[in-house]
Amino acid sequence: MQKDWDYLRDHPESEDTEATFPPIPFDPLSQSLTERLRPPSSRHLFGTDNLGRDILSRMIHSTGLSLRIGFIAVGIATIIGLILGSIAGYYAGWVDIVISRVIEVFICFPFFFLILIVIAFLPPRPENIMVAIGVASWPGLARYVRAEFLRNREQEFVAAARALGYSDARIIFRHVLPNSLTPVLVSMSFRIAGAILSEAALSFLGFGIQPPTPSWGNILSLARVYIETAWWLALFPGIAIFITVTAYNLVGEGMRDAADPKLMRA
Numbered sequence: 001m002q003k004d005w006d007y008l009r010d011h012p013e014s015e016d017t018e019a020t021f022p023p024i025p026f027d028p029l030s031q032s033l034t035e036r037l038r039p040p041s042s043r044h045l046f047g048t049d050n051l052g053r054d055i056l057s058r059m060i061h062s063t064g065l066s067l068r069i070g071f072i073a074v075g076i077a078t079i080i081g082l083i084l085g086s087i088a089g090y091y092a093g094w095v096d097i098v099i100s101r102v103i104e105v106f107i108c109f110p111f112f113f114l115i116l117i118v119i120a121f122l123p124p125r126p127e128n129i130m131v132a133i134g135v136a137s138w139p140g141l142a143r144y145v146r147a148e149f150l151r152n153r154e155q156e157f158v159a160a161a162r163a164l165g166y167s168d169a170r171i172i173f174r175h176v177l178p179n180s181l182t183p184v185l186v187s188m189s190f191r192i193a194g195a196i197l198s199e200a201a202l203s204f205l206g207f208g209i210q211p212p213t214p215s216w217g218n219i220l221s222l223a224r225v226y227i228e229t230a231w232w233l234a235l236f237p238g239i240a241i242f243i244t245v246t247a248y249n250l251v252g253e254g255m256r257d258a259a260d261p262k263l264m265r266a
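Position one of the sequence shown corresponds to residue 1 (the UniProt record's numbering), numbered consecutively onward.
Hint data in this document are derived by calculation from the structure and do not stem from the laboratory. Don't be surprised by glycine CBs; every beta carbon is placed ideally from N, CA and C. Where hints are given, some of them may not hold.
[Said to hold, decoys possible] Pair ranges (Cβ atoms, derived):
| id | residue 1 | residue 2 | range |
| --- | --- | --- | --- |
| 1 | V95 | F157 | 49 to 57 Å |
| 2 | F109 | F71 | 44 to 52 Å |
| 3 | V225 | P23 | 24 to 32 Å |
| 4 | G206 | D257 | 53 to 61 Å |
| 5 | P211 | A159 | 52 to 60 Å |
| 6 | L205 | G93 | 36 to 44 Å |
| 7 | F109 | N179 | 54 to 62 Å |
| 8 | Y226 | P178 | 51 to 59 Å |
Could you put together the complete structure from these sequences and hints?
Structure follows, in C-alpha cells:
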C-alpha cells in the first residue's frame with residue numbers, strides 16, 4: 001500500500017487514469033530485469049519491454065495521458081479559433097483583413113514544424129505539449145468560425161437583434177455563435193484524432209513525453225531497437241493508435257453526415 005501511495009504522490013497524473021480505466025496490473029514504471037523482453041503471456045498479456053516493465057500497464061497509463069493531451073490541445077485551439085474567427089467574421093472590414101493575414105502566416109508553416117518550433121522553447125512536459133499542439137491547430141478552426149460568422153451576420157435574426165439595440169457581445173454569443181458551431185464541433189472530432197497522432201509522433205521522435213513516463217509514441221520508439229526480437233513492443237501501441245484515431249475520424253464523419261445530410265446522399 002505504501003508503494004502505491006508513493007507512486008501516486010510522484011505521478012499525480014496517474015490518479016485520473018486509474019479512475020477512468022480498469023486497474024493497472026503492475027506499476028508502469030516498475031523494472032524487473034529478470035522479466036525483460038518477455039513475450040505476451042498469462043502474467044504479462046502484452047509482454048514486457050527491455051527493462052521488464054509490463055506493456056499492458058504502460059499502455060493503460062499512457063492511454064489516459066494521450067486522450068487528455070488530445071482533448072486539452074483541441075480545447076486550446078478551439079478557444080483561440082472561436083475568439084479570433086468570431087471577431088474577424090462579425091466585424092469584417094479591416095479587422096477581418098488583419099486577423100486573416102495572421103491566420104495565413106500561421107498556415108504558411110507546416111503543422112508539425114510549427115509544433116516543433118513551440119516545443120523548442122518549452123520543456124517536454126505534457127502541459128507544454130498540449131499548448132504546442134493547440135497553438136499549431138487554431139488557424140484552421142478560426143477559418144471555419146470566420147466563414148460561418150460572415151454568412152450568419154447577414155441573416156435576418158442578426159439584423160433584428162441590432163434593431164433591438166443589443167450589444168455586439170450579446171449578438172455574437174447569444175445569436176451568431178450558437179448558429180455557427182456545427183462545423184466547429186465536426187472539425188473538433190477530427191482534430192482530437194490529429195492531436196493524439198501528433199503527440200505519438202512527437203514522442204516517437206524524442207520531442208514529446210520523455211521516458212520513463214510511458215506514452216504510445218515512446219513505446220513505439222523503443223520498439224525500433226527490438227523490432228526483430230520483440231514484435232509486441234510495436235504491435236500493441238500501433239494498434240492502440242490506429243483504433244483511437246480511426247474511432248475519432250469515424251465519429252467526425254458521422255457528425256458531418258448528420259449536420260449535412262446532402263453529403264451522406266452523395
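Exercise. Between Y226 and P178, does the C-beta distance stay in 51 to 59 Å?
Worked result: holds (52 Å)
For this session: For the range 44 to 52 Å, tell me whether the beta carbons of F109 and F71 fit it or not.
Result: Violated, since F109 and F71 (Cβ atoms, about 24 Å apart) do not stay within the stated range.
Exercise. So does V95 sit 49 to 57 Å from F157, Cβ to Cβ?
Worked result: With a Cβ separation near 22 Å, V95 and F157 fall outside 49 to 57 Å, so the hint is violated.
Exercise. Between V225 and P23, does the C-beta distance stay in 24 to 32 Å?
Worked result: holds (30 Å)
Exercise. Does the hinted range 52 to 60 Å hold for P211 and A159 at CB?
Worked result: holds (59 Å)
Exercise. Do the Cβ positions of L205 and G93 conform to the proposed distance bound of 36 to 44 Å?
Worked result: With a Cβ separation near 43 Å, L205 and G93 satisfy 36 to 44 Å, so the hint holds.
Exercise. Lying within 53 to 61 Å: is that true of the beta-carbon distance G206 to D257?
Worked result: violated (39 Å)
Exercise. At the C-beta level, are F109 and N179 separated by a distance inside 54 to 62 Å?
Worked result: violated (32 Å)
Comparing the model with each numbered hint stated earlier shows that hints 1, 2, 4 and 7 do not hold.
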